[in-house]
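> Sequence:
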Amino acid sequence: MRRALGLLALALVVPRGAAAVEAPARIEWTTSFTTAVAKAGASHKPLMVEFWAEWCGWCHVLERTTLADANVVRLAQDFVAVRIDTEGPPDQARVAARYGITGLPTMLFLAPSGRTVLQLSGYQQPEQFARTLESVREQTAKVTAWERAIAARPDDAAALLHLGLQAFDADALDEALELLLRAYRADASLPVADRKHLRLVLGTVRGIEGKYAESETLLKEGLALTPADHENDSQMLLTLGRVYAAWGKRDDAVAVLKRLLQAFPSAPESETARQMLAYLAAQR
Numbered sequence: 005m006r007r008a009l010g011l012l013a014l015a016l017v018v019p020r021g022a023a024a025v026e027a028p029a030r031i032e033w034t035t036s037f038t039t040a041v042a043k044a045g046a047s048h049k050p051l052m053v054e055f056w057a058e059w060c061g062w063c064h065v066l067e068r069t070t071l072a073d074a075n076v077v078r079l080a081q082d083f084v085a086v087r088i089d090t091e092g093p094p095d096q097a098r099v100a101a102r103y104g105i106t107g108l109p110t111m112l113f114l115a116p117s118g119r120t121v122l123q124l125s126g127y128q129q130p131e132q133f134a135r136t137l138e139s140v141r142e143q144t145a146k147v148t149a150w151e152r153a154i155a156a157r158p159d160d161a162a163a164l165l166h167l168g169l170q171a172f173d174a175d176a177l178d179e180a181l182e183l184l185l186r187a188y189r190a191d192a193s194l195p196v197a198d199r200k201h202l203r204l205v206l207g208t209v210r211g212i213e214g215k216y217a218e219s220e221t222l223l224k225e226g227l228a229l230t231p232a233d234h235e236n237d238s239q240m241l242l243t244l245g246r247v248y249a250a251w252g253k254r255d256d257a258v259a260v261l262k263r264l265l266q267a268f269p270s271a272p273e274s275e276t277a278r279q280m281l282a283y284l285a286a287q288r
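Position in the sequence shown counted from 1, then plus 4, gives you the numbering used here.
Just so you know, these hints were derived from the structure itself, not from any lab. Hints may be right or wrong, so weigh each one.
[Claimed, not checked] With a straight-line cut-off of 25 angstroms between C-alpha atoms, the simulated SDA-like cross-links for lysine to any residue are:
{"no.": "1", "residue 1": "K224", "residue 2": "D159"}
{"no.": "2", "residue 1": "K49", "residue 2": "T34"}
{"no.": "3", "residue 1": "K146", "residue 2": "T106"}
{"no.": "4", "residue 1": "K146", "residue 2": "L108"}
{"no.": "5", "residue 1": "K262", "residue 2": "R189"}
{"no.": "6", "residue 1": "K224", "residue 2": "L265"}
{"no.": "7", "residue 1": "K224", "residue 2": "D256"}
A quick note: this is a predicted structure, and the numbers were derived from the prediction, not measured.
Could you put together the complete structure from these sequences and hints?
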């Protein structure tokens with residue numbers, strides 16, 4: 005009786021002939037990057053950009069399997085999808101050159117603002133790609149929140165730091181450096197661990213650029229901040245040792261690496277420090 009009443013009540017609220025809303029059978033792609041960017045900005049959806057070419061066998065496999073998967077198609081509705089032929093019309097080839105696309109297939113995910121969230125090269129199975137879409141969707145929400153925080157307060161050190169680290173992870177190094185330097189100038193109110201990590205990343209970048217004196221200053225600043233933070237401090241000591249070695253300051257490198265071994269003997273960085281010390285000893 006209860007089941008019958010329940011079915012009757014359902015019949016009263018669901019019009020006859022009404023059908024369930026079904027997900028589209030396939031991803032709705034556009035080939036105009038300009039149109040896609042405008043649509044993403046208007047809809048506040050992230051962009052999913054697929055770079056492919058006719059000769060790319062894995063691109064066709066990706067299209068037949070992963071991009072045709074029902075769950076992937078459903079999740080893709082939260083994105084503006086654009087397909088770029090790297091050897092197609094000049095406007096599409098320029099997009100590939102702009103983002104430095106070399107291997108295929110490559111999926112590029114951008115926030116509605118155009119900021120890179122993730123660049124993914126190679127093939128993924130449907131289940132794995134579905135998890136990627138969910139992760140990108142969550143990360144895009146964070147990116148958008150950080151962008152809004154900076155728009156409201158340009159010296160928001162926490163938002164600048166997180167957005168800079170996001171750019172760093174996405175290999176957008178110029179953008180990352182600009183954001184992280186802004187965070188560095190305004191980070192007095194940040195937790196010590198965040199301030200240390202900021203100096204670690206900036207010191208690493210400056211060291212890679214060959215700006216050893218600036219890298220040394222940043223890393224020493226980070227190490228001087230209290231209280232100590234084992235994870236950041238061990239990484240900063242190893243990085244400083246590498247900077248000194250590249251700088252030609254062998255004795256300074258040895259001293260820093262020994263300091264690392266003494267302070268953090270079981271840290272993951274300690275094994276690398278031991279190998280570096282053995283190498284430096286052999287160079288004498």
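> Indicate, hint by hint, whether the structure satisfies it.
Each hint, compared with the structure:
With a C-alpha separation of about 24 angstroms, the suggested pair K224 and D159 falls inside the 25 angstroms cut-off, and the hint holds. A C-alpha spacing of about 15 angstroms is found between K49 and T34, which places the hinted pair at or below 25 angstroms, so the restraint holds. For the given pair, K146 sits about 28 angstroms from T106 by alpha-carbon distance, which is inconsistent with the 25 angstroms threshold. Distance hint between K146 and L108 is unfulfilled; the C-alpha atoms sit about 28 angstroms from each other, more than 25 angstroms.
Restraint check: the Cα-Cα separation between K262 and R189 comes to about 31 angstroms, which exceeds 25 angstroms; the hinted pair is violated. Between K224 and L265, the direct Cα distance comes to roughly 17 angstroms. Compliance with the 25 angstroms bound is thereby established for this hinted pair. Taken as a hint, the K224 and D256 pair is honoured in the structure, with Cα atoms around 13 angstroms apart against an allowance of 25 angstroms.
Violation of the numbered hints given earlier is confined to hints 3, 4, 5; the remaining hints are satisfied by the structure.
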